[in-house]
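Chain residues, written in single-letter form:
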Amino acid sequence: MRLLLPGKATFRPATRSLDVRRSPARPRRTLPFLRRVQTPPIFTRSAAGPQGRTRSRIDRMSWAIAVAVVLAVSGCAGAGAPSAPPGRQKVSFLVFPSPNLPESYWKAQVGKVTQAHPDLEVELVSAPSESDRNDYAKQLAASGQLPDVQIGMQDLVALAPHLAPWQPEELTAFLCPSCGAVNGKVVQLPANTQTIPDVFYNKKLFARAGIKAPPRTYAELLAAADRLKAAGITPFVTGGVFVTSQPWTAILATDLYPRTPGWMAARRAGEVTFAKDPAMRAATRKFADLAAKGYLDKRQIGQDYPKTQEAFLAGKGAMYPMGSWFAAAADQSPMKDDIGVFAWPSDDGSLHLPAFTGGGLSVSATAPNLAAAKKFALAFQLTKDNLDASVKADALFPAIKGYTPPEGTGPVFKAVYDLWKQALGRNATVPAFGWEAGDAAMLPGMQGKFWSSAQDLVSGRKSVDQVLAYLDTEWEKSG
Amino acid sequence: MAVGVTRPKPGRAPSGTRGSRARRARRPGARHFLLFAAPGTLVYVCLVLVPIVMSVGYSLTDQALLRPTTSFVGLRNYRLLLQDETFLQSLKVTTILTLIVVVVPNVLGVAIAVLLDRRGWLYNALRGVFFTPMVISSVVISVIWTRVLADDGPVNQALRALGVQDPPGWLSDPDIALYSLSSIVCWQLLGFCVVVYLAGLQGVPQELAEAAAIDGAGPVRRFWSVTWPLLAPALTINTVVLLISAFKIFDHVKVITNGGPGTGTTASVAFVVLQEGFVDNRTGYASAEAVVMLVVIAALSVLTLRILGRREVQL
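In the order they appear, the protein sequences are chains A and B. Each step along the first sequence adds one to the number in our numbering, with nothing skipped, and position 409 is 694. Each step along the second sequence adds one to the number in our numbering, with nothing skipped, and position 5 is 124.
The set of hints was computed from the structure by calculation and includes no laboratory data. Computed from a prediction, not measured in an experiment: that's the story for all the values here. Hints are not guaranteed to be accurate.
Derived lysine-lysine pairs resembling DSS-like cross-links, with alpha carbons at most 25 Å apart [said to hold, decoys possible]:
no., chain 1, residue 1, chain 2, residue 2
1, B, K367, A, K762
2, B, K211, A, K747
3, A, K397, A, K686
So here's chain A without its partners, still in its complex pose (with noise of 0.2 Å):
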């Protein structure tokens, strides 16, 4: 029996036979929003002395704890997805932060293009850092919750099934619009060339070992690093996982890809093994010499990549294997006069630069608004203002058909470009080797295991043989 009386409360008679508690001639009073429902005796006050009165509270904070559960789980689950106000389409963009790319930049950028297209409206999605930004990525595709956009993927190969192909349509302003392309699908915009590695030098310990002009063969290279270290002069600055392999890319582009562009289509089809193939292993015992010889300080190793990029522009080396997006951090320095660029010289001299096209933003397959998405990342990647602010930031080379970088880049972009411009003009570039895209990349994983492979190179841990051993059954177990 219920009586519903005028006012806030509701009271109600007690119906529960096996509550020896309660009084039977006392009302319970129930909670105002519990009127129409049929409450449980305990919400009912107890009138049975202190241990029914303990017990009753109890009680309340037990309901009390369990209401506010729910209230805050549906909180959450309400927070979680905020619509777009209305006419505009909502993009999650993935991107990464590093020394060249803080979070502010990238908030300008997405602004230039909410700006010139209000009906888009972006929410930015921050990689814990630069070099976990593939796995990240990996695990928000594999939850299901991969942004709908994101830019420098590089595990193209294992992301591909999830990313939506673009079309030969959509990829005309592009310079090189199959570059990156997986089985035939470009997934990724081919928005921008990285050359891997340049050698920066820094000229005032050249000069001060003697070192007249930046060698041009790799005899030279030799003995312009054995005069810096009889000057007390680290050679090469090195560190992290993959700067220490940095060289030995660029072994390889001059000794390796040259004569056999296809080496990594061919190890991908079992022709060729690391282990087995004399020109790999000849590149591979040039990179372990270097070491052997005191030219990479094995104790940089442990540092991790900004430290080594300040290393370098502390005067703590003489040359700085690396990509061409150091120059942006160069040309911000108070040294950027006196840093100067050659590529990797080969055994007789002629010119191979190692490079790299591709790195753009790229689709989810499963993103909620696909034509949005695909509409943000080409305005993106096609806004002059972006592509002269990437140029700046972080002195990339956009691959955009007529394209030309702006005025006021300083002398380390000027002289990586022109090396590079130099290099396409004799057709000299080559892959750049553990840093090429979809098909023409290693199988997943592969990467990150030739970059610690060069560390025990440089360490002394492994010899030769055994790091192309292990490559080899690392590339197995990953096929």
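Model the placement of chain B on the given structure of chain A, informed by the hints.
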């Protein structure tokens, strides 16, 4: 106003099973127990037990998170594990790391606890100091130590100032990095050991030590014959906790060395499992590694509990 009240007779259960079940359900203790235990149990079942069962299932497949198709491969992943240089290396690394992390904080912890087992504000403050690393995030600790042990960090700068020409590459030398990493973990876990041993020391009756002293036992003899046997429960707790913490270590490895320098010099089993699963995209294989890790941890924990449990004495 009472409607339909049927009071049971005192001292007599209501007839029928339904009645007794209903009464049991309404017992305040049982109801509260269910109410409070249900969320925790639910979380434990959903986030621990179910994933373990699922992992065992995945370990029998070639599952890759980013690949739509998965095939049953039976025990192939387990067979491959036995020949996998990376996994075997990670087992070796984890064994060395575990030995160090179990022994060093235990030894130092008991020594420091004995020194701190006194009254006074200074000792209270020192207890806080020793416990502080334990409450700081492992990632923060790792970042700090990475800077401290860098080639140009304060440790090597101090060594150079003392005349050491070529100080060690604490994190860059493959022969040293694992020991540097272990030291950092020991440093962080030391506070936990100290606190557990202090609690154990405070449970040692003073009368026993006094009786031993009257019998002519010196401080060392009193410690070995009276205090140490009574610290057995604390030793058991510390050993099992350190064993499990060391065997599943991931965050320190990820931040400080990322498994390097080089290939796998400091890569623990947990680190390799996550690399295989989320970087190399081989979830089935990683699950097999995780199952092996689970079995090893469980076996070691049970063994440790049995061996150390025998030492425990009842007062």
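These are the hints, each one checked on the structure:
1. For the hint pairing K367(B) with K762(A), the CA-to-CA distance comes to about 24 Å; that is within 25 Å, so the pair holds.
2. Straight-line distance between C-alpha atoms of K211(B) and K747(A) comes to about 17 Å, which keeps the hinted pair within the 25 Å bound.
3. With a C-alpha separation of about 21 Å, the suggested pairing of K397(A) with K686(A) holds against the 25 Å cut-off.
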